[in-house]
Amino acid sequence: MSGKRTMTIVPNRPPAVDYGILRDDLVRLIDQARRVSARTVNAIMTATYWEVGRRIVRFEQKGKKRAEYGAAVIRKLAADLTRKCGRGFGEVNLSQMKKFYLLWPAPRILQTVSEKSKDWAAPSERREILQTTSELSP
Numbered sequence: 001m002s003g004k005r006t007m008t009i010v011p012n013r014p015p016a017v018d019y020g021i022l023r024d025d026l027v028r029l030i031d032q033a034r035r036v037s038a039r040t041v042n043a044i045m046t047a048t049y050w051e052v053g054r055r056i057v058r059f060e061q062k063g064k065k066r067a068e069y070g071a072a073v074i075r076k077l078a079a080d081l082t083r084k085c086g087r088g089f090g091e092v093n094l095s096q097m098k099k100f101y102l103l104w105p106a107p108r109i110l111q112t113v114s115e116k117s118k119d120w121a122a123p124s125e126r127r128e129i130l131q132t133t134s135e136l137s138p
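Residue numbering for the sequence shown follows our numbering, starting at 1 and increasing by one per position.
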């Protein structure tokens with residue numbers, strides 16, 4: 001194995017024999033789920049920032065090898081995206097997203113993200129964990 005950590009789910013696990021075992025087991029389960037979800041979100045956001053950079057570069061270049069202007073687009077996008085999406089989309093960050101796209105080739109970034117977001121449970125187990133409260137309601 002490559003040392004990757006995945007969520008371990010044991011179907012039909014025997015019930016805990018006392019409260020302390022139950023509590024410790026639940027703490028481990030919750031901690032593990034939080035770690036897996038944080039890694040998945042990080043991988044998705046990395047791919048998103050790369051794609052933001054790609055789209056800005058393509059817009060600025062309009063099919064040409066180099067962009068004729070860029071600062072005005074970045075400045076306007078920074079104001080608009082910050083207003084609509086919140087923090088994290090200022091001029092510096094958008095410029096870094098462009099650089100990220102330009103420096104990391106597509107196969108490398110997409111392969112990295114897909115490796116980090118592999119399924120962590122069998123489909124039947126994943127379905128049980130990912131059900132929402134409304135899906136469980138009668």
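Everything labelled a hint here was simulated from the structure, so no lab data went into it. Hints are supplied without guarantee of correctness; some may be wrong.
[As the list claims (entries may be wrong)] Cut-off 27 angstroms, straight-line C-alpha distance, at most; resulting in silico cross-link-like pairs (DSSO-like, lysine-lysine):
| id | residue 1 | residue 2 |
| --- | --- | --- |
| 1 | K84 | K62 |
| 2 | K64 | K76 |
| 3 | K65 | K76 |
| 4 | K99 | K62 |
| 5 | K84 | K65 |
| 6 | K99 | K65 |
| 7 | K62 | K76 |
| 8 | K84 | K99 |
| 9 | K64 | K99 |
Because the structure is a prediction, the values reported are computed rather than measured.
- Task: Could you work out which earlier hints the structure fails to respect and list their numbers in ascending sequence?
- Result: Hint 5 alone not satisfied by this model.
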